[in-house]
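These protein sequences, in sequence, are chains A and B. So my numbering is basically just the index in the first sequence, starting at one, shifted up by 52. So my numbering is basically just the index in the second sequence, starting at one, shifted up by 13.
The reader is advised that the hints may include incorrect statements.
Unchecked claim - Partner residues are not named here, just some residues of chain A that face chain B (Cβ under 7 Å, in silico): (1) G226; (2) L417; (3) V421; (4) L422; (5) G426; (6) V437; (7) S510; (8) N512; (9) E513; (10) I515; (11) Q518; (12) H522; (13) I527; (14) D529; (15) C531.
None of these hints come from the bench; they were simulated from the model. Please read these numbers as outputs of a predicted model, since none were measured by experiment. Heads up, the beta-carbon is just placed ideally off N, CA and C, and yes, glycines get one too.
Listed below are the residues making up each chain.
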Amino acid sequence: ISMFCLFWCLLLLVCLTVASSSRDVPKNDGSTGTVHGEGSGHQNTSTVHKKAFPVLSFNYLHVRKPFEISMWILLALLMKLGFHIIPRVSNIVPESCLLIVVGLLVGGVIKAIKEAPPVLDDKLFFLYLLPPIILDAGYFLPIRPFTENLGTILTFAVVGTLWNAFFIGGTMYGVCQIAGAQLQRVNLLSCLLFGTIISAVDPVAVLAVFEEIHINELLHILVFGESLLNDAVTVVLYHLFKEFSLEGGVTALLGVVCFFVVALGGILVGAIYGLLGAFTSRFTSHTRVIEPLFVFLYSYMAYLSAEVFHLSGIMSLISCGVIMRPYMWSSVSETLIFIFLGVSTVVGPHSWNWTFVIVTVFLCLVSRVLGVIGLTYIINKFRIVKLTKKDQFIVAYGGLRGAIAFSLGFLLTNDDLKHMFLTAIITVIFFTVFVQGMTIRPLVELLAVKRKKETKRSINEEIHTQFLDHLLTGIEDICGHYGHHHWKDKLDRFNKTYVKRWLIAGERSTEPQLISFYNKMEMKQAMMLVESGSTAKLPTLVSTVSLQNIQPKDAPKKRAIPSISKKREEEIRKILRANLQKTRQRLRSYSRHDLMIDPFEDNVSEIRFRKQRVEMERRVRELCCSLHKVYTYDESESPNRSKSESTSISSRGPDDVFVPSETPLLSNQRSAPKKPINQITEEEEEGLTMSRCLSDPGPKEEDEDDAFLP
Amino acid sequence: MGALQSIPGHPEYSDLSDKTGFSFEQISVLHKRFKQLSHNEDTLHRDDLSAIPDLSCNPIRAQIIEAFFDQRNFSPSEEGTVEEIRFEEFLVVMSHFRPPRHSMSEEQRESVRKDKLRFLFNMHDTDNDGTITLQEYRHVVEELLSRSGALGKETAKSIADAAMLEVASISVGHMEPDEFYEGITFEHFLKLLSGFDIEHKMSIRFLNVDTTLCK
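Can you build the whole structure from these sequences, using the hints too?
Right under this line is the structure:
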């Protein structure tokens, strides 16, 4: 399959180069190789001089733009597919690096054909590529950890970025003065501008790398939140310095005011559109299909509207997504950005200046580290959960730069310095993405940083989280302390009574979090049970405790041991389906990687499909494994098999427990360990069903409880 | 342990400070609040707490108020409930919510955790028998979901059942079908919430208590 993929990619590359070589005029969509980026990228000035087109080209020209765009997108998707099929590589090298390399290759090929390839211009980036990513990030932003750490995140975003910008800019200026004659024409303002551009941590790069290393929630939200919020700072500083360089009459106070206007204005614009979107979604309960379109369009409008007023478009996108979500294309975009970056690297006119570049890279690192340490020292005085040295290291190390810096660089007007700046920017980006991106995973493991808890949140913990919320709110009210919990609770109640009623249709609005959590868990258990039920494994907990044990009733019923396991399967399937029908209405939540769980029809067909597959595999296994020993079957083959089966459900959790779960159950059994497979299946299923016996006769309760069993 | 200057006129603060670990500043602020709640009397009654308007929409209000009058929270050996409490007991109950100091040894941290979990346990175990039975746990979940009407009640039952099952599975592991799981003991409770980071979650920053704003 990998060969097939590579072949496809090569074919695509060839097509691209052929396409770009079969024309006489330079490309229209985005080449700014020779045009000075003024923001308005109309390329008409540099194009058509000939009036007579060859007939062949004319026809192709007609579709060229969408044709090439589609091919680029196709390339991006194929790349993404390829990386998933060849997992070995992506374990070492983060995806973003590979994509840049692909971009480099494509760019190299195109350059060899001596054509002008598409370069990542600012318009393409800011208007088309960036919004989907930010929207996706904002929409799926985990609200709770974000708000809990908002102070820290804001401090890092605002103060940290300011520090970085000024430190780098100032020091670069100093270095430029000291170093060779060529650099001395770099004036202070240009340096500060450069510092601003290079200092912002990039959300795309961070997202791409952090997603893969599964770091614990706190660190993830800190670095990622910072990368999202520092856009406002960057925008303001950038415009400030630009104005400064033109006029010089701007004061610092104006800058601060400007910052607040930009940030808050952006949030406000986003909030307006978000509320609009939420309101609209109230009426889309019967046409679910177009709901995502609404989400996307409203958010995009928010972004564009904010950009009109020079407000922070990114912040408006985020606030729009955040607001819309509780009440209802990014992959491609991300991929494209990195590929384009690679292409632009090969292409763009470079002006390499050793001193400048190396000092830049060095300064970026130093400044980031100093900034993080300094800020953490101050922040830790206000936090209950302090940030440890390990945390600080990861936050500092995870400050990757990305395409935003590159695009901002493109907006610079100063021509001769611009190339030098761009080269340095690209180098820094490459350095952070490649070196830091690749090494962060082994470092995380080396430092034994706390990873994301892979284990499911237990229902007891969920109950107690809710309980504690209310308890702390109550205590705060009693001692008159208007703190974090008080305001959160007030906001919640306001939301519930007024806002939700307007913005969410039907009974969805009143469902408390505990119930939705429970249903979600039930659903997951049901799916896991179906998968594992016919391969005769216990899903999660190692116990035979059943509801009989906790119900305060007397003599439990003893069920007859079934002779046919298939009949038991039928029963299980029937009960589960009945329960699934019930949870159908209640399951609402999106999850970043579980989108397939949403519609009910998908559930049933998904389960049915899995069951069939599992059934088939089991039959095959029975045939060829009847000669093996029981233990080897249980311990070695099954975990491997279920790993390949359940690729979409987290296979690590259940698998880890499979091996130990066999032993207690087997030791339970009265007969000898060596048994034919069928009987083992039966016995284990008996254990399974014994744990499903209920003393409560009612069908409703039986169904509900059935699906939840360990 | 905070500034050691004694506030003039309140020499008993130093005892309270030793006992509960609050600083003098915090104690004086809380004392003001106490006086406000009890209408300048020396003791606080249940009605005084029920009269707080912000508390009225809290689903577990009754249990919170009850916790203040539960003698088990005053000292480990006592039992039963009282009708009224003095400032000292008020402060002791509040001290369960102090955030842990940054520089603490492992045993101190462990004892803080135990304290807080003990408080929670006492809140659930309403009949003082040392275990949380299924009925009591059901009651807890029902209260939590009490704002959701009928939908809440039936789901509360299954949620509580499921939670209980989980506790039993974690704590006891293997039980014969005819054994009966009495209820969650304190050890099981500790084990259950061992991954919960309770010492940080169950804390309030007492420094910003401003009694002029609240009613």
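Now the hints, each set against the structure:
no., hint, result
1, G226, "violated, 38 Å"
2, L417, "violated, 29 Å"
3, V421, "violated, 23 Å"
4, L422, "violated, 23 Å"
5, G426, "violated, 19 Å"
6, V437, "holds, 5 Å"
7, S510, "holds, 6 Å"
8, N512, "holds, 5 Å"
9, E513, "holds, 6 Å"
10, I515, "holds, 6 Å"
11, Q518, "holds, 6 Å"
12, H522, "holds, 5 Å"
13, I527, "holds, 6 Å"
14, D529, "holds, 4 Å"
15, C531, "holds, 5 Å"
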